[in-house]
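Engineer: Sequence:
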Amino acid sequence: MLFMTKTATPSRKLSKAARDFAGESGSDVKKISPGQRRERHNRKERERRRRIRSYCDELNMLVPFCQSTSGMLATLQWTTAFLKYINDTYGDTLKESFGAPTANQIKVTSEKNLV
Numbered sequence: 027m028l029f030m031t032k033t034a035t036p037s038r039k040l041s042k043a044a045r046d047f048a049g050e051s052g053s054d055v056k057k058i059s060p061g062q063r064r065e066r067h068n069r070k071e072r073e074r075r076r077r078i079r080s081y082c083d084e085l086n087m088l089v090p091f092c093q094s095t096s097g098m099l100a101t102l103q104w105t106t107a108f109l110k111y112i113n114d115t116y117g118d119t120l121k122e123s124f125g126a127p128t129a130n131q132i133k134v135t136s137e138k139n140l141v
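So the sequence shown is numbered by my numbering: it starts at 27 and just counts up by one.
Read the hints as simulated data drawn from the structure, not as lab findings. Just to be clear, a hint being listed does not mean it is correct.
To be verified - Estimated spans, in silico, between C-beta atoms of each pair:
{"#": "1", "residue 1": "Q93", "residue 2": "R72", "range": "22 to 32 Å"}
{"#": "2", "residue 1": "Y116", "residue 2": "S59", "range": "54 to 64 Å"}
{"#": "3", "residue 1": "R69", "residue 2": "M98", "range": "20 to 30 Å"}
{"#": "4", "residue 1": "D114", "residue 2": "Q93", "range": "22 to 32 Å"}
Because the structure is a prediction, the values reported are computed rather than measured. In this text, a Cβ means the ideal position worked out from N, Cα and C, and glycines have one as well.
Start from the sequences and build out the full structure, keeping to the hints where you can.
Structural biologist: Given below as structure tokens:
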């Protein structure tokens with residue numbers, strides 16, 4: 027009878043951040059301190075928020091009923107309401123203009139697939 031015994035425990039995999047911190051990344055990549063990593067993350071997050079704010083400001087100028095003092099949430103709510111209105115009013119016409127399938131085309135296509 028053969029018995030297999032566990033001779034060595036496998037080493038636990040460390041996350042990339044832990045390997046970088048411990049100096050075990052195994053590559054020639056420059057080591058980044060936790061403070062530098064946090065600063066880079068904060069900088070990217072600030073840039074992401076700046077871009078969101080910029081696009082919300084642009085929507086604010088384009089959508090009727092939005093005022094310059096409207097916040098991001100109000101701007102998004104008015105934009106959604108305005109796009110629903112446009113879709114209800116001009117839906118198929120706009121879809122034809124942009125080459126998207128209209129509701130009638132989708133219905134005909136699905137009926138053909140059923141046969």
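Engineer: Now, for every hint given, state plainly whether the structure supports it.
Structural biologist: To see whether the hints hold, each was checked on the structure:
1. Q93 with R72: 22 to 32 Å: Holds: the Cβ-Cβ distance is about 26 Å, inside 22 to 32 Å.
2. Y116 with S59: 54 to 64 Å: 56 Å, holds
3. R69 with M98: 20 to 30 Å: Since R69 and M98 have Cβ atoms about 21 Å apart, the given range 20 to 30 Å holds.
4. D114 with Q93: 22 to 32 Å: 24 Å, holds
Every hint from the earlier list agrees with this structure, and none is contradicted.
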